[in-house]
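Asker: The lines below spell out each chain.
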Amino acid sequence: MPLISVRDLVVEYDGRRVLDGLNLDIEAGEITVLLGGSGSGKSTLLRQILGLERPKAGSIYIQGTDITRCSQADLKRIRRSVGVAFQSAALFNSLSLEDNIALTLREHTALTPSVIDLIVWMKLAVVGLANFGKLHPQELSGGMKKRAAVARALALDPDILVLDEPSAGLDPIVAAELDELILFLKEAFQITALVVTHELPSAFRIADRIAMLFNGSLLAVGTKDEICANQHPRLRQFLNRVPENPVHIPALASYLERYVQTGEAKP
Amino acid sequence: MSNLFEIAGRETLHELEYVGKLNIQLWDTLRGMRRALPLIGNRHRWHAAVQQMLEIGVDALPMVALLAMCSGFILAMQGASELRRFGALHFVIDLVAVGFTRELGPLLTAIAVSGRSGSAFAAEIGTMKVTEEIDALKVMAFDPVEFLLAPKYLAALVAVPCLSIVAGLFGILAGGLFMFFSTHLGLVLYFRYVLTSIVLRDVLAGFLKSLAFATIIAHVGCLEGLRVRGGPEAVGHSTTMAVVRSTFLVVVADAIFTTIFYFIGRA
Numbered sequence: 000m001p002l003i004s005v006r007d008l009v010v011e012y013d014g015r016r017v018l019d020g021l022n023l024d025i026e027a028g029e030i031t032v033l034l035g036g037s038g039s040g041k042s043t044l045l046r047q048i049l050g051l052e053r054p055k056a057g058s059i060y061i062q063g064t065d066i067t068r069c070s071q072a073d074l075k076r077i078r079r080s081v082g083v084a085f086q087s088a089a090l091f092n093s094l095s096l097e098d099n100i101a102l103t104l105r106e107h108t109a110l111t112p113s114v115i116d117l118i119v120w121m122k123l124a125v126v127g128l129a130n131f132g133k134l135h136p137q138e139l140s141g142g143m144k145k146r147a148a149v150a151r152a153l154a155l156d157p158d159i160l161v162l163d164e165p166s167a168g169l170d171p172i173v174a175a176e177l178d179e180l181i182l183f184l185k186e187a188f189q190i191t192a193l194v195v196t197h198e199l200p201s202a203f204r205i206a207d208r209i210a211m212l213f214n215g216s217l218l219a220v221g222t223k224d225e226i227c228a229n230q231h232p233r234l235r236q237f238l239n240r241v242p243e244n245p246v247h248i249p250a251l252a253s254y255l256e257r258y259v260q261t262g263e264a265k266p
Numbered sequence: 000m001s002n003l004f005e006i007a008g009r010e011t012l013h014e015l016e017y018v019g020k021l022n023i024q025l026w027d028t029l030r031g032m033r034r035a036l037p038l039i040g041n042r043h044r045w046h047a048a049v050q051q052m053l054e055i056g057v058d059a060l061p062m063v064a065l066l067a068m069c070s071g072f073i074l075a076m077q078g079a080s081e082l083r084r085f086g087a088l089h090f091v092i093d094l095v096a097v098g099f100t101r102e103l104g105p106l107l108t109a110i111a112v113s114g115r116s117g118s119a120f121a122a123e124i125g126t127m128k129v130t131e132e133i134d135a136l137k138v139m140a141f142d143p144v145e146f147l148l149a150p151k152y153l154a155a156l157v158a159v160p161c162l163s164i165v166a167g168l169f170g171i172l173a174g175g176l177f178m179f180f181s182t183h184l185g186l187v188l189y190f191r192y193v194l195t196s197i198v199l200r201d202v203l204a205g206f207l208k209s210l211a212f213a214t215i216i217a218h219v220g221c222l223e224g225l226r227v228r229g230g231p232e233a234v235g236h237s238t239t240m241a242v243v244r245s246t247f248l249v250v251v252a253d254a255i256f257t258t259i260f261y262f263i264g265r266a
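Taken in order, these protein sequences are the chains called L and S.
The first sequence begins at 0 in numbering that gives the first Met the number 0 and counts up by one.
The second sequence begins at 0 in numbering that gives the first Met the number 0 and counts up by one.
No lab work stands behind these hints: they were computed from the structure.
Computed Cβ-Cβ distance ranges for the label pairs, DEER-style:
| id | chain 1 | residue 1 | chain 2 | residue 2 | range |
| --- | --- | --- | --- | --- | --- |
| 1 | S | E54 | L | L134 | 19 to 25 Å |
| 2 | S | D27 | L | D19 | 32 to 38 Å |
| 3 | L | A175 | S | I39 | 46 to 52 Å |
| 4 | L | L199 | S | W26 | 47 to 53 Å |
| 5 | L | E186 | S | P231 | 38 to 44 Å |
| 6 | L | N214 | S | T239 | 36 to 42 Å |
| 7 | S | V49 | L | N22 | 48 to 54 Å |
| 8 | L | T111 | S | L38 | 19 to 25 Å |
| 9 | S | A233 | L | N22 | 32 to 38 Å |
| 10 | S | W26 | L | N214 | 39 to 45 Å |
| 11 | L | A175 | S | E54 | 40 to 46 Å |
| 12 | S | P231 | L | D7 | 33 to 39 Å |
From the three backbone atoms N, C-alpha and C, an ideal C-beta is built for every residue, glycine too.
Isolated chain S (complex conformation) (with noise of 0.2 Å):
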């Protein structure tokens, strides 16, 4: 039994470690930043943020949409079975619109952006520690946080909640389809009954929760990279840490975040 509370702790100590070194290196990349700015900045940092935001968000845009999509429909249609029998199917809209507002869109993005990007993020500079082109960036007087973290921080902040409107929008508009086809419910009534269902506090909330879920993203996926130490398998490692890691932490921000949302529309 003193074995397994040795085992409970020893762990707990490791993953506050490690929360205490993602708050580290948070911190450092936010000073860091202002040198991947547009105008203000370095030029070239903001070029390697622009071409990161493409990665990160054009070219993840056909399967955020995808994904977004298959799952309006889903939730459509699992709603719609359940309120059908109270007669309440019209409130399927309601469940769509400010479920992908405020929940579905923002975490099925992040689930997307961390699969793709965090595990990129982590392959990449993992395999620059490996070679060695992280030690070659500082001894030529360049700081690896500015060069490397600072400017996918960036395309992560401004990426992440774009994908998140967009996976808001395919979902809802899944919905929309949905209610058509069973309903001949019109898509502009439809989306009209969306606009007087979702309020402020719906979209401000899946706006922070998105803006978190690209912190936490980014930063994980970065910091399994530099964490890597060996040969190249400790990048194939490091990559399956990210996505497990950044996925967990998603997962337990959004659930911190819709307590806290909870009891603030209580109040």
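With the rest of the complex left out, here is chain L (with noise of 0.2 Å):
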């Protein structure tokens, strides 16, 4: 049984369909890497997994329970049992790295502070800044907060590890210690991981299945061989970085040369 299951999963934002009647399914144990260009729906479909919004029509089964028809108390004890590391880190600015890490084990266990500081070490060692953590996220790198918000959400030592673009607008070299970093957790933990991105790279190196997105529908799904062999057009089209409206330079340069010589603006 998957461990998150997508269900004909339809969102619409002010009557324009974003998803339509998605399926997917992410089994235990698996990096699955959602790939897609912008606009594709990745972000919606990863906001919808969260449980940070309604969709119009579908289903997320999650372990088993469907959370976008279950209560709040549900909803709450299943997102204990993920960790997300967002985007733009999202690190809380007012809090220290410690306390960043900290909070959920404060909150949501009855830990004592001893025992939360040295598991707050431990979460900042595995991602390696173990000694950032009295530092505040406005003091880091963007490499050092991507890491920061991964070491947060491996707080309560969640099943599902969701990752929103981790390397994005990094450096190559980070964002290959990153996805070390993301191999690491599946290796030493036996972590389920949902990573979205479009660094291709990336994709390649981490994933066990890759789920391709193209305008609200899942375009294809499967283990890295079966996504090359795949001779659908515009998954060659996105794996072989090929625009989609690519600019003419001829017709371009006789264009302003009309213009400069006539200065007649249509083309």
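Build the complex: two chains, separate frames, hints provided.
Answerer: Shown next as structure tokens:
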């Protein structure tokens, strides 16, 4: 039975359909990468899976509970088993790194302060920030913030880790470090991860399975080899990085020349 | 002309919707406020509420005291210049004492707190919205209403009436100083007159008003913050709107309360 199961999900914003009858299963112990271009519906799907928005139709089962119809108490219970690292890290700026990670432990567990301190140090050590616990988020680099967000997501030892664009905006070395961290977490904690990205090298490095979204629908799902072998034109276009509407340079040049000569603005 | 009615109708519906949202938020916060109370609630929320009380109350003390002193002098001088002509200078004491207890103490405090803390609530929550910190709270199984709004509301309910009392005392003291310098009336005697001119109904009216103003300031500030959409520029807009709307609603509420007390007093 899949750990997360999305069934016939329909999401609309002001009558505009963003997700159109989407079906997706995420198996336990796997890293599933959600791939897709800008505006394909990745972030919307993520917000739905996290229960931040209600769909127009369809269901999302997490550990067997339909979070689109469950009570707030059940949703809270499920959320405690899901760790999330947002694209912007979303660390609490008023708290130190240690306090960011300790927050859920203090509020959702009955652990003593000394045990919480130890767990916080361990989580920071896992992401390589053990010496930076006293710093505030605004004192960290982009890569450090992302790693801190992962440490916070791991605070309650979640069954599912959700990472939104973990390597976006990072240099290739830091991005590769984060990929290694995700792989390490899977090996060490047998964690199930859903990673949203449009960074192809990162996706192919960490994924067990890749789901490709296009215009609110699932274009393809499969292992890395299956995705590479898939000949769907949209998928090929995305993987081969071919622009959808390429700018035709000779036509542009002749248009500019005519504009300079005649002042006629219309092509 | 029909266009004018259309605009007026649309704006009225818009404002009614706003008031509806305020009421829903108030109800949610009242339900979550039990968790912010000392002894029976969550100690982290109570600590947050105490911190907010210090920020709303203690930090605003010098400003509110100075504002009340200046207003007390102005009221006493303006009153004296007219009442002297009728040989009724001693009524300045009643004017200042009753005016500050019933009206100016709570109103001046509300305007000061709206500018300082209402805008701060909107900026804090708005920034958290923009940086996805509110979403982070939700996915970490926290209720943002209980986590953010309840401590702020509880703090405002305690701090604003206390500040209103301070404003009343300083306003009345300013009246006493004016009377001392203009008529050589001793301060002890002045305060004796003050106590005879104020009745319990005046104190209760001021107290009820300050509770209502605290509710308006806290909830308008928080709602404006939660309504932020887009980037940092939206936070600036929400901060301005928090001050404008809360000041407007405070004055409207004051007018309603004064009308009610006026008719109760006549009956």
